[in-house]
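Those protein sequence lines, which keep their order, are chains A and B. Just so we're aligned, residue 1 is where the first sequence starts under UniProt numbering, counting upward by one. Just so we're aligned, residue 1 is where the second sequence starts under UniProt numbering, counting upward by one.
Hint data in this document are derived by calculation from the structure and do not stem from the laboratory. Just so it is clear, the structure is predicted and the values come from calculations on it, not from any experiment. Warning: the hint list may mix true and false statements.
Using 27 Å as the maximum straight-line C-alpha spacing, the simulated DSS-like pairs for lysine-lysine come out as follows [said to hold, decoys possible]:
no.	chain 1	residue 1	chain 2	residue 2
1	B	K243	B	K75
2	A	K336	B	K120
3	A	K243	B	K336
4	A	K254	A	K243
5	B	K254	B	K243
6	A	K120	B	K254
7	B	K120	A	K254
8	A	K75	A	K243
Facing chain B, a subset of chain A residues (Cβ under 10 Å, in silico) [said to hold, decoys possible]:
no.	residue
9	P127
10	I201
11	L225
12	A247
13	E263
14	C300
Glycine included, every Cβ here is placed at the ideal spot set by N, Cα and C.
Protein chains: 2
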Amino acid sequence: MTSSLPADSVGMVTPQTAHFETPLNLECGRTLDRFELVYETYGELDASASNAVLICHALSGDHHAAGYHSSADRKPGWWDNCIGPGKCIDTTKFFVVCLNNLGGCAGSTGPTSLNPATGKTYGADFPAITVADWVAAQARLADKLGIDTWAAVVGGSLGGMQALQWTISFPTRVQYAVIIASAPKLSAQNIAFNEVARKAISSDPDFHAGHYAEFDTIPRKGLMLARMLGHITYLSNASLGSKFGRALRSDELKYVPLDIEFEIESYLQYQGERFAENFDANTYLLMTRALDYFDPAQACNDDLAAALRPVEAKFLVVSFSTDWRFAPDRSEELVKALVDARKAVSYARIDAPHGHDAFLIPDERYFDVFTGYMNRIATQLGLS
Amino acid sequence: MTSSLPADSVGMVTPQTAHFETPLNLECGRTLDRFELVYETYGELDASASNAVLICHALSGDHHAAGYHSSADRKPGWWDNCIGPGKCIDTTKFFVVCLNNLGGCAGSTGPTSLNPATGKTYGADFPAITVADWVAAQARLADKLGIDTWAAVVGGSLGGMQALQWTISFPTRVQYAVIIASAPKLSAQNIAFNEVARKAISSDPDFHAGHYAEFDTIPRKGLMLARMLGHITYLSNASLGSKFGRALRSDELKYVPLDIEFEIESYLQYQGERFAENFDANTYLLMTRALDYFDPAQACNDDLAAALRPVEAKFLVVSFSTDWRFAPDRSEELVKALVDARKAVSYARIDAPHGHDAFLIPDERYFDVFTGYMNRIATQLGLS
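Next up, chain A with everything else stripped away, as it sits in the complex:
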């Protein structure tokens, strides 16, 4: 961090923790008797609680979406470039809430928490969580914060699935949904990549069937592999090409198969190692399964338009041309279903080189669309 905060930063933020004592029934059939959610807020909730925006995080995200935790922070929150005074989600207009999801590993109740039934870390005994479960837990947080209706629920990737699920689970509690670089369900290829990541984790001898905490270890290599693989799917072929190409790590080839020869290998290894130190393996398994399971059309015989019929929200859907994890045609499935269900939807397919990660990266056309839509919400709701 620079010594002074940028003028368009939300500034210093402090995570808060909400405690919930009413049992939460989960889709898997199990119940959490009590749980905690860690969250941050940016901006001010207005007197009628009409300006609240929920940010839903993706696979490896957390509650720290914007601002800084301390002056020692080198980086702000993960979506800082979109949240702040004058930014896409303008905190002079909106009260922004971002939480670490249930099952996460950044403070909310999850596999690294103590299981009250055993007094030990949950580990692999933590129940499977679905996107609908997340939304149910988020609704509890909304209740606690006195937010009956969200002005908007916003998310990219897995976060976009939560935004979509909000409009289905609680049709009257969401006015606008912003769904970026997402899909209404995973394809077989998406599931296949997730499965290789899970197998990498479970094959690590330090995984101990998910109870590694009891062995005072973590499945470091498995998590590293999972992240390396994930990372490839977040970036486009073109962006990897322009960033790394075939650049060598040394002046010449070493001809030793397991030595690092190319820059791309070194980069992936660094990403993998850093992730393995900071993320929980059971949470990774749980999150990838939440992705796999998400399929709101299933309850309506695979008719997504039918599933969306009770929805009352208006939608902005954004896709990116080089995103091959959730390619534009996946967003367009959703747009088509919304149109078929006669819902209000704006759609932008942004020509951007960054692949799936484009939803996190500043881009003029993307930010223009995003800012314009959020500002129109503010105007419609009489917030500014």
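Since chain A is already given, all that's left is putting chain B on it; use the hints.
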């Protein structure tokens, strides 16, 4: 196998082994003092040795390209649908040679062979091999078989790289090159996937730094992960979707993250397990590095047309619309360079749903192009 051989089969075939005692200097700077290559032939070499076609195999292929080894064989060789009487490569016209490449694990000298210097299995001590090394070894086999000039060198994927390298290493010894679903070099994304596969293998505690044979084990889980990942990249998103979609393994979800939930997971696991029992991990590492290293333009300041200027062969290049491992634009890079270098090249971009594996799968348009080109070679060379 059915009790009687199909009429268009090359029939029963027996692998042969060629021994080479003249040292082979490798690109990595090391030398193999002696080596063996196992190979098969189909059809008859004519009196002037003018009808010989070399088939180069891809990553996990071997010398058994066509026909059956015994009446108990359930499946014929890996490219049986393209090689035989009346097929794309018509064995009534051509004498077809296919070998297991140096460094392979199907009988040719490789990491599973005894290292004469130590009396132990080579394992990780086997030298790195490049595509140019393979071609040099294949040329030794051609010498031994009395073949001065190949009517054609043919290959898909990594096999196509060998065909291209033949035209550069031995311009006067190849009349036609057929390069299918290939690329003139790997992209950063291609290398990245290979690197994850290598890391999966080397992270397996049973890998023992490549000397698993001495520990009487194999890195089964690592190889399985490598193959699962590779397999995803061989198939198209669409073909995985139409084959598996989101079909469940059981009637309903189990909500246990590591249980098999979807059919695609079960399929990948089966593919991975089968591969791990039948393929050598050090060979896999060596083969993926040969892929990574291949870059014939590098010696000419990344000018592929310049690298191709000395070439004398004529070319057929084939790509497949849904191949995202080596997408059509990768073949078109090669075609453009060939045109720029004023070489004769025919190019077909086949609209096929099967992804990279399309080069192995019967498709009327693909086979028409392939057969037509091979038959024109036969006519041009006065073979029929």
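The hints, checked one at a time:
no.: 1; hint: K243/B x K75/B; in the structure: holds (21 Å)
no.: 2; hint: K336/A x K120/B; in the structure: violated (63 Å)
no.: 3; hint: K243/A x K336/B; in the structure: holds (24 Å)
no.: 4; hint: K254/A x K243/A; in the structure: holds (22 Å)
no.: 5; hint: K254/B x K243/B; in the structure: holds (22 Å)
no.: 6; hint: K120/A x K254/B; in the structure: holds (24 Å)
no.: 7; hint: K120/B x K254/A; in the structure: holds (24 Å)
no.: 8; hint: K75/A x K243/A; in the structure: holds (21 Å)
no.: 9; hint: P127; in the structure: holds (7 Å)
no.: 10; hint: I201; in the structure: holds (9 Å)
no.: 11; hint: L225; in the structure: holds (6 Å)
no.: 12; hint: A247; in the structure: holds (8 Å)
no.: 13; hint: E263; in the structure: holds (8 Å)
no.: 14; hint: C300; in the structure: violated (15 Å)
Violated hints, listed in ascending order, are 2, 14; each of the other numbered hints is respected by the structure.
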